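Number of protein chains: 2
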Amino acid sequence: MTAKFEPLKPGATIGILGGGQLGRMLALAAARLGLKCHVFSPSPDSPAFDVVHRVSVHDYTDTDALDRFAADVDVVTYEFENVPAETATFLSARRPVLPDPHVLAITQDRLREKTFVAGLGIGTARFAPVDTADALPAALEATGRPAVLKTRRFGYDGKGQTTLRDGTDPQAAWLEVGGQPSILEAFVPFEREISVVAARSRDGQIECFDVTENQHRDHILKVSKVPAAISDTVGAEARRIAATLAEAFDYVGVLAVEMFVVPDGAGHTVLVNEIAPRVHNSGHWTLDGASISQFEQHIRAVAGWPLGKPVRHGRIEMLNLIGDEAADYGKWLTVPGAGVHLYGKAGMRPGRKMGHVTLVTPEE
Amino acid sequence: MTAKFEPLKPGATIGILGGGQLGRMLALAAARLGLKCHVFSPSPDSPAFDVVHRVSVHDYTDTDALDRFAADVDVVTYEFENVPAETATFLSARRPVLPDPHVLAITQDRLREKTFVAGLGIGTARFAPVDTADALPAALEATGRPAVLKTRRFGYDGKGQTTLRDGTDPQAAWLEVGGQPSILEAFVPFEREISVVAARSRDGQIECFDVTENQHRDHILKVSKVPAAISDTVGAEARRIAATLAEAFDYVGVLAVEMFVVPDGAGHTVLVNEIAPRVHNSGHWTLDGASISQFEQHIRAVAGWPLGKPVRHGRIEMLNLIGDEAADYGKWLTVPGAGVHLYGKAGMRPGRKMGHVTLVTPEE
Numbered sequence: 562m563t564a565k566f567e568p569l570k571p572g573a574t575i576g577i578l579g580g581g582q583l584g585r586m587l588a589l590a591a592a593r594l595g596l597k598c599h600v601f602s603p604s605p606d607s608p609a610f611d612v613v614h615r616v617s618v619h620d621y622t623d624t625d626a627l628d629r630f631a632a633d634v635d636v637v638t639y640e641f642e643n644v645p646a647e648t649a650t651f652l653s654a655r656r657p658v659l660p661d662p663h664v665l666a667i668t669q670d671r672l673r674e675k676t677f678v679a680g681l682g683i684g685t686a687r688f689a690p691v692d693t694a695d696a697l698p699a700a701l702e703a704t705g706r707p708a709v710l711k712t713r714r715f716g717y718d719g720k721g722q723t724t725l726r727d728g729t730d731p732q733a734a735w736l737e738v739g740g741q742p743s744i745l746e747a748f749v750p751f752e753r754e755i756s757v758v759a760a761r762s763r764d765g766q767i768e769c770f771d772v773t774e775n776q777h778r779d780h781i782l783k784v785s786k787v788p789a790a791i792s793d794t795v796g797a798e799a800r801r802i803a804a805t806l807a808e809a810f811d812y813v814g815v816l817a818v819e820m821f822v823v824p825d826g827a828g829h830t831v832l833v834n835e836i837a838p839r840v841h842n843s844g845h846w847t848l849d850g851a852s853i854s855q856f857e858q859h860i861r862a863v864a865g866w867p868l869g870k871p872v873r874h875g876r877i878e879m880l881n882l883i884g885d886e887a888a889d890y891g892k893w894l895t896v897p898g899a900g901v902h903l904y905g906k907a908g909m910r911p912g913r914k915m916g917h918v919t920l921v922t923p924e925e
Numbered sequence: 562m563t564a565k566f567e568p569l570k571p572g573a574t575i576g577i578l579g580g581g582q583l584g585r586m587l588a589l590a591a592a593r594l595g596l597k598c599h600v601f602s603p604s605p606d607s608p609a610f611d612v613v614h615r616v617s618v619h620d621y622t623d624t625d626a627l628d629r630f631a632a633d634v635d636v637v638t639y640e641f642e643n644v645p646a647e648t649a650t651f652l653s654a655r656r657p658v659l660p661d662p663h664v665l666a667i668t669q670d671r672l673r674e675k676t677f678v679a680g681l682g683i684g685t686a687r688f689a690p691v692d693t694a695d696a697l698p699a700a701l702e703a704t705g706r707p708a709v710l711k712t713r714r715f716g717y718d719g720k721g722q723t724t725l726r727d728g729t730d731p732q733a734a735w736l737e738v739g740g741q742p743s744i745l746e747a748f749v750p751f752e753r754e755i756s757v758v759a760a761r762s763r764d765g766q767i768e769c770f771d772v773t774e775n776q777h778r779d780h781i782l783k784v785s786k787v788p789a790a791i792s793d794t795v796g797a798e799a800r801r802i803a804a805t806l807a808e809a810f811d812y813v814g815v816l817a818v819e820m821f822v823v824p825d826g827a828g829h830t831v832l833v834n835e836i837a838p839r840v841h842n843s844g845h846w847t848l849d850g851a852s853i854s855q856f857e858q859h860i861r862a863v864a865g866w867p868l869g870k871p872v873r874h875g876r877i878e879m880l881n882l883i884g885d886e887a888a889d890y891g892k893w894l895t896v897p898g899a900g901v902h903l904y905g906k907a908g909m910r911p912g913r914k915m916g917h918v919t920l921v922t923p924e925e
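Residue numbers (our numbering), protein chains in the order written: chain A, 562 to 925; chain B, 562 to 925.
Think of the hints as simulated: they come from the structure by calculation, not from any bench.
The reader is advised that the hints may include incorrect statements.
You can't tell identical chains apart in this list, so a pair holds if it fits in one copy or across any two.
Calculated cross-link-like contacts (lysine to any residue; reagent style SDA-like; alpha-carbon spacing at most 20 angstroms) [said to hold, decoys possible]:
#1 570 / 603
#2 570 / 895
#3 570 / 792
#4 892 / 867
#5 892 / 573
#6 570 / 689
#7 870 / 924
#8 892 / 765
#9 870 / 913
#10 783 / 880
#11 892 / 646
#12 870 / 891
#13 720 / 642
#14 720 / 786
#15 570 / 891
#16 870 / 826
#17 720 / 732
#18 892 / 656
#19 570 / 908
#20 720 / 731
Please read these numbers as outputs of a predicted model, since none were measured by experiment.
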């Protein structure tokens with residue numbers, strides 16, 4: 562698919578599936594480059610709607626609406642990984658869809674994703690499929706305890722998963738995840754969590770942002786720091802893994818690879834935790850902290866344009882504003898060097914990502 | 562007016578008069594902060610329309626349309642200084658208009674502006690009013706030759722002005738500017754042109770961006786460089802002038818002051834050339850080259866929010882892409898550290914500002 566079309570011209574329209582804050586920030590990046598966006602989202606109060614040329618408010622299964630959407634855009638991309646595979650396939654018969662829908666098919670299924678990663682010789686936690694309750698004891702043999710049982714599909718921010726510790730009843734865990742086809746993963750005694758946000762262009766250029774160190778709270782990203790407190794060796798290995806995955810997917814756009822750094826004798830091992838086939842929260846710091854943002858890299862890639870070479874502006878700390886923390890925006894506006902971002906969401910629900918703040922400290 | 566209303570809340574709507582690239586970049590800055598924009602412009606293909614919540618395509622004299630616009634927004638600002646005074650006055654009876662319309666009344670008239678500046682004890686070129694052809698010889702006595710005859714109103718990018726050198730027939734010059742009420746200004750033997758982009762908040766906080774050095778070509782800004790090659794004394798004087806003007810106007814928002822640096826014995830004198838009561842082309846570098854942009858400062862000011870303290874990311878060179886220079890965007894995309902901006906304009910006319918490029922070189 563990637564070879565079939567010419568780079569977009571300024572004034573062309575990028576179709577974005579999904580209208581959350583990631584779609585909003587993608588649209589803002591496209592606007593800088595003279596490109597228009599058309600956002601397709603079933604949710605009438607999508608934050609991305611406020612900043613784009615055209616919107617479609619329809620279900621992802623509405624083929625008439627998808628047909629009209631395809632006719633209005635030059636290329637299609639998405640801001641979240643749970644776009645129905647049928648939607649992506651339907652659209653890819655009409656317009657280029659980037660990254661290619663086969664990537665979605667893999668990353669929407671934790672078992673396929675882990676199998677894909679392991680098949681490339683890249684380390685992961687020990688894992689085993691759990692299709693039925695009966696399969697759980699054998700899977701526990703393979704992983705040991707503690708282990709995390711996760712539904713294969715549609716999990717995010719800690720939803721659809723539960724931990725099996727010593728004494729946890731497997732049957733109760735199985736009910737906890739709703740009796741869905743699942744994957745059991747060994748608990749990883751990690752020292753820190755890192756991620757690499759990488760971009761790959763249509764002609765295979767790859768640019769990685771600096772490795773980011775992440776801290777979660779209640780399974781939701783709370784803080785990202787750059788540079789990560791890791792050795793050069795670990796940093797190089799993390800970037801190599803991200804680049805290997807991007808190549809293996811024949812990926813076009815930005816992807817994020819979440820990894821664990823695990824102590825291993827004198828050194829460290831890097832294990833892949835999760836792949837996000839899209840721009841990612843742990844790359845938000847690039848908006849204020851680098852010469853080019855993850856959002857612009859993604860837009861450039863799907864437009865068929867060359868990627869930029871990111872230069873970091875200093876030491877970075879990115880804080881998510883979750884739920885009513887966003888009410889503190891006034892405080893952040895007065896902090897020197899703080900970049901304040903609010904996503905234009907109407908409701909301030911607990912656990913909802915409402916905005917973020919980037920603190921940039923110039924390096925001496 | 563400025564004391565009468567509360568700071569905007571996220572989700573509020575800013576009304577922008579004018580839909581060019583400045584309105585577009587203001588809207589993008591508002592979006593970062595969770596604020597919506599409604600752009601009012603008579604021109605159906607306004608670049609700002611692509612990135613906002615709502616648009617009004619009507620003449621500035623359409624009071625019904627202005628009424629509806631006012632009803633939809635929480636505050637009104639503008640992206641260009643030639644908004645009809647009647648429009649601003651009409652709106653200010655309905656919503657806060659920032660900066661206050663009295664600033665427009667002064668800056669729309671070169672004679673009033675120069676008189677205002679001189680009245681503050683700030684240096685300008687020698688000038689004299691020219692209301693009729695008959696007044697021109699006496700005015701020339703006051704200024705000497707060469708001198709520049711400029712219409713008092715509606716001039717920009719060199720339009721509506723002509724130079725009287727030795728031998729230029731005053732009558733021909735008068736016809737050249739269309740026989741409009743004009744001002745004659747002595748030619749200034751400047752060493753360099755600089756500008757200060759300053760922001761003032763509703764409660765009087767003032768933040769100046771670093772002094773910018775500007776080069777024009779055919780009366781259109783071509784290159785801005787930061788820092789300007791000036792002494793600390795000249796830099797401090799330039800910022801003092803900008804701050805003095807902002808105070809004197811009781812200004813709210815971003816204004817730009819264009820100045821000449823003139824050799825004066827062992828030192829230099831700073832003379833004000835022109836005031837732009839809006840974000841300004843010579844401040845575009847702040848999008849990529851500073852921790853906060855002129856556009857965000859303006860939005861914060863009109864929203865009643867605190868200003869940021871700008872930190873520059875390095876040495877900057879900003880190049881305007883004028884007319885068919887924008888066709889070279891592909892070249893700029895591959896230059897490391899270059900921020901590329903295209904304004905989404907349909908027609909690539911000669912002399913039209915189509916985009917800009919910012920080159921940031923980290924300082925050692």
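Going down the list of hints, with the structure as the test:
1. With identical chains, the CA atoms of residue 570 and residue 603 are never at most 20 angstroms apart, being 29 angstroms at best within one copy and 26 angstroms at best between copies.
2. Proximity of residue 570 and residue 895 under a CA criterion of 20 angstroms is satisfied inter-copy only: 16 angstroms between copies versus 40 angstroms inside one chain copy.
3. When the C-alpha separation of residue 570 and residue 792 is checked against a cutoff of 20 angstroms, the pair qualifies neither within a copy, at 42 angstroms, nor between copies, at 44 angstroms.
4. Taking the shortest Cα distances, residue 892 and residue 867 sit within 20 angstroms of each other only across copies (9 angstroms), while inside one copy they are farther apart (38 angstroms).
5. Taking the shortest Cα distances, residue 892 and residue 573 sit within 20 angstroms of each other only across copies (19 angstroms), while inside one copy they are farther apart (39 angstroms).
6. Taking the shortest alpha-carbon separations for residue 570 and residue 689, neither the intra-copy value of 47 angstroms nor the inter-copy value of 49 angstroms comes in at or below 20 angstroms.
7. For a Cα distance limit of 20 angstroms, the shortest separation of residue 870 from residue 924 qualifies both inside one copy, at 19 angstroms, and across copies, at 18 angstroms.
8. For the identical chains of this complex, residue 892 and residue 765 are inter-copy neighbours only, at 18 angstroms across copies versus 43 angstroms inside a copy, given an alpha-carbon limit of 20 angstroms.
9. With identical chains, the CA atoms of residue 870 and residue 913 are never at most 20 angstroms apart, being 32 angstroms at best within one copy and 29 angstroms at best between copies.
10. Taking the shortest Cα distances, residue 783 and residue 880 sit within 20 angstroms of each other inside one copy (6 angstroms), while across copies they are farther apart (38 angstroms).
11. When the C-alpha separation of residue 892 and residue 646 is checked against a cutoff of 20 angstroms, the pair qualifies neither within a copy, at 43 angstroms, nor between copies, at 37 angstroms.
12. For the identical chains of this complex, residue 870 and residue 891 are inter-copy neighbours only, at 14 angstroms across copies versus 33 angstroms inside a copy, given an alpha-carbon limit of 20 angstroms.
13. With identical chains, the CA atoms of residue 720 and residue 642 are at most 20 angstroms apart within one copy only, with a shortest distance of 15 angstroms there and 52 angstroms across copies.
14. Proximity of residue 720 to residue 786 under the C-alpha cut-off of 20 angstroms is found in neither arrangement, the shortest distances being 24 angstroms within a copy and 51 angstroms between copies.
15. For the homomeric pair residue 570 and residue 891, the shortest alpha-carbon distance between copies (10 angstroms) is at most 20 angstroms, but the shortest distance inside one copy (40 angstroms) is not.
16. With identical chains, the CA atoms of residue 870 and residue 826 are never at most 20 angstroms apart, being 35 angstroms at best within one copy and 46 angstroms at best between copies.
17. Taking the closest pair of Cα atoms, residue 720 and residue 732 come within 20 angstroms of each other only inside a single copy of the chain (18 angstroms); across copies the shortest separation is 80 angstroms, beyond that limit.
18. For a Cα distance limit of 20 angstroms, the shortest separation of residue 892 from residue 656 qualifies neither inside one copy, at 45 angstroms, nor across copies, at 27 angstroms.
19. In this homomeric assembly, residue 570 and residue 908 come within 20 angstroms of each other (Cα to Cα) only across copies, at 13 angstroms, whereas the closest approach inside a single copy is 37 angstroms.
20. Taking the shortest alpha-carbon separations for residue 720 and residue 731, only the intra-copy value of 18 angstroms comes in at or below 20 angstroms, while the best inter-copy value is 80 angstroms.
Checked against the numbered hints given earlier, the structure breaks hints 1, 3, 6, 9, 11, 14, 16 and 18 and satisfies all the rest.
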